[in-house]
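Here the protein sequences come in this chain order: Z and A.
Residue 5 in the working numbering sits at position 4 of the first sequence; the count goes up by one each step and never skips.
Residue 288 in the working numbering sits at position 148 of the second sequence; the count goes up by one each step and never skips.
These are computed hints drawn from the structure, not numbers from a lab.
If you're wondering where the values come from, they're calculated on a predicted model, not measured in any experiment.
All C-beta atoms in this analysis are idealised placements derived from N, C-alpha and C, irrespective of residue type, glycine included.
One or more of the hints may lead you astray.
Okay, the calculated beta carbon distance ranges per label pair [as the list claims (entries may be wrong)]: (1) Pro262/A x Ala86/Z: 55 to 61 Å; (2) Ala169/Z x Pro262/A: 53 to 59 Å; (3) Val211/A x Ala169/Z: 33 to 39 Å; (4) Leu170/A x Ser56/Z: 40 to 46 Å; (5) Arg251/Z x Arg143/A: 46 to 52 Å; (6) Ile241/A x Pro91/Z: 41 to 47 Å; (7) Arg166/Z x Leu312/A: 25 to 31 Å.
Reference listing, derived: stretches of chain A covered by chain Z, where coverage requires no fewer than 3 residues with Cβ under 8 Å from a Cβ of chain Z [to be verified]: (8) 240-246; (9) 250-260; (10) 327-333; (11) 338-346.
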Amino acid sequence: MITGARTTTRIAYAAAGALLLVVGAQLIGQFELAGKAWPPLTDVLAYVATPSGSSLIQRNLLVTLGAAGQGFVIGSAVALLGATAALLVPILRPGLDRFAAILNAVPTIALAPLLITTAGREGTPAVIAALSVGFVMFVATTSGFAATSAPQQDLLTVFGASRRRRLALLELPRSVPAFVDGLTLAAPAAILGATIGEWFGAPQGIGLLLVSAMQNYQMALLWAAALAATLASLVAYLLLVQMQRVAVRRFS
Amino acid sequence: MSRLRAVGAGALHLWPVALVLVLWDLWVVLNGYTATVAPRPWDVIADVVDGFGDYLPYTAYTLGMSLGGLVGGTIVGFVGAVLVWWSAALSGVVTPAALVIRSVPITAMIPIIARVVGYGDPAVLASTVLICFFPAFVFTLSALTAIPDSGRDLFRVLGAGRAQLLGRYGVLHALPSLMVSVRITAPTAVLSAMLAEFLMGANGLGALFSRARSYMDMERAWGTALVATVVSVVVFILARLLERRVADRVS
Chain Z
2 MITGARTTTR IAYAAAGALL LVVGAQLIGQ FELAGKAWPP LTDVLAYVAT
52 PSGSSLIQRN LLVTLGAAGQ GFVIGSAVAL LGATAALLVP ILRPGLDRFA
102 AILNAVPTIA LAPLLITTAG REGTPAVIAA LSVGFVMFVA TTSGFAATSA
152 PQQDLLTVFG ASRRRRLALL ELPRSVPAFV DGLTLAAPAA ILGATIGEWF
202 GAPQGIGLLL VSAMQNYQMA LLWAAALAAT LASLVAYLLL VQMQRVAVRR
252 FS
Chain A
141 MSRLRAVGAG ALHLWPVALV LVLWDLWVVL NGYTATVAPR PWDVIADVVD
191 GFGDYLPYTA YTLGMSLGGL VGGTIVGFVG AVLVWWSAAL SGVVTPAALV
241 IRSVPITAMI PIIARVVGYG DPAVLASTVL ICFFPAFVFT LSALTAIPDS
291 GRDLFRVLGA GRAQLLGRYG VLHALPSLMV SVRITAPTAV LSAMLAEFLM
341 GANGLGALFS RARSYMDMER AWGTALVATV VSVVVFILAR LLERRVADRV
391 S
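Isolated chain Z (complex conformation) (with noise of 0.2 Å):
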């Protein structure tokens, strides 16, 4: 009863600080301690309840989820092959690992003047998603091979199994939990990936929005954005955490 009991009170201190953290920002925005840059939420909260409001972020945030989601598939389906590729040929390993150390500190900015001539202007924000999804599932993936053990490796080899079948039997499943892992990880990386590359001149999307209420100076559509932006982002992960749990009870 005693975990009950903890959990009870775990619930009331998140909620009192999901509560204090939204108070605050009315709070701010009331008395405008921020300057007129932070509106009070309800505020915000009117502003996507007008018809035009909603529709202009519901119609954009489906643009970036879209690109998002493309670029998740893809990034992840990419990390898995390049790290399958690293596994079974052993030469390409060290190479593999550094150009995606590279890869990852590539400013993703930077590709976009690559991006913008090779995919175009609606293509760069799914590219940009599937590249910042990439590296994350490759790392997650390798590390995720690496957690046989020598023993369980020697046990098939010797009952004589091929190494496709050992990838196969041992080394895919065994992956599944650290693969999950790096989803929720990715996910949020993707939403972030989509929306860099909608600055860049994407015809629609999340991104584009932010930045062209910054610049014109509508607060609550720009809050309205960054905060439809978050959620998504929020969501994604909690999704994700709670598939984690379960790849985990399956398969560990």
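Dock chain A against chain Z, hints included.
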């Protein structure tokens, strides 16, 4: 001799970078792009070498802002985590809020900071500090809450208070985690400094990039991208060295 071989092997493992350069050049040449669409890698490198003096102040600015934000954010995050660890109630209240704020994409945070703090150096620095704050906070807090019971018991038996436990054990216990957070946030610090500079356009590589883009000076724009990548990789390598040093020293 073995040192030379190690360096050689290290260089050899950079084959994907060489591959990218060659593919880039081939792509430009085969498509017949002119320099206004996509410059060849050698021209971009030449621009960086010739215009080294032009790049230098911007690069120094971005490097300073990234490092300042990285150090500042890490310290603030560490102190915040220690304060929160001190009180169970505070930690219960602050942790979910930190989760929410951590989910704010930097692209959403920077325009708001720019409007609230005003355009200029403080806004760039505030953006990087804020970005680096949360990982440091989360990593430190999780390390502090994971102080092994045996260590805690030992200190209690020896009559140490909470402050002693923290000062003599907790800080050391949390340092490696804090360094992990520094390594993880290092490239992000450069990215957020550049995003802020790009948006506000006053100084730094982000501003240089934005200006070169609007003048269609593609060699300069791509050169900025190249320099920014090098800066980011250097900051990352430094952070990794620091992490290894601390890990060797502490554990």
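Sort out which numbered hints this structure fails and list those numbers smallest first.
1, 3, 7
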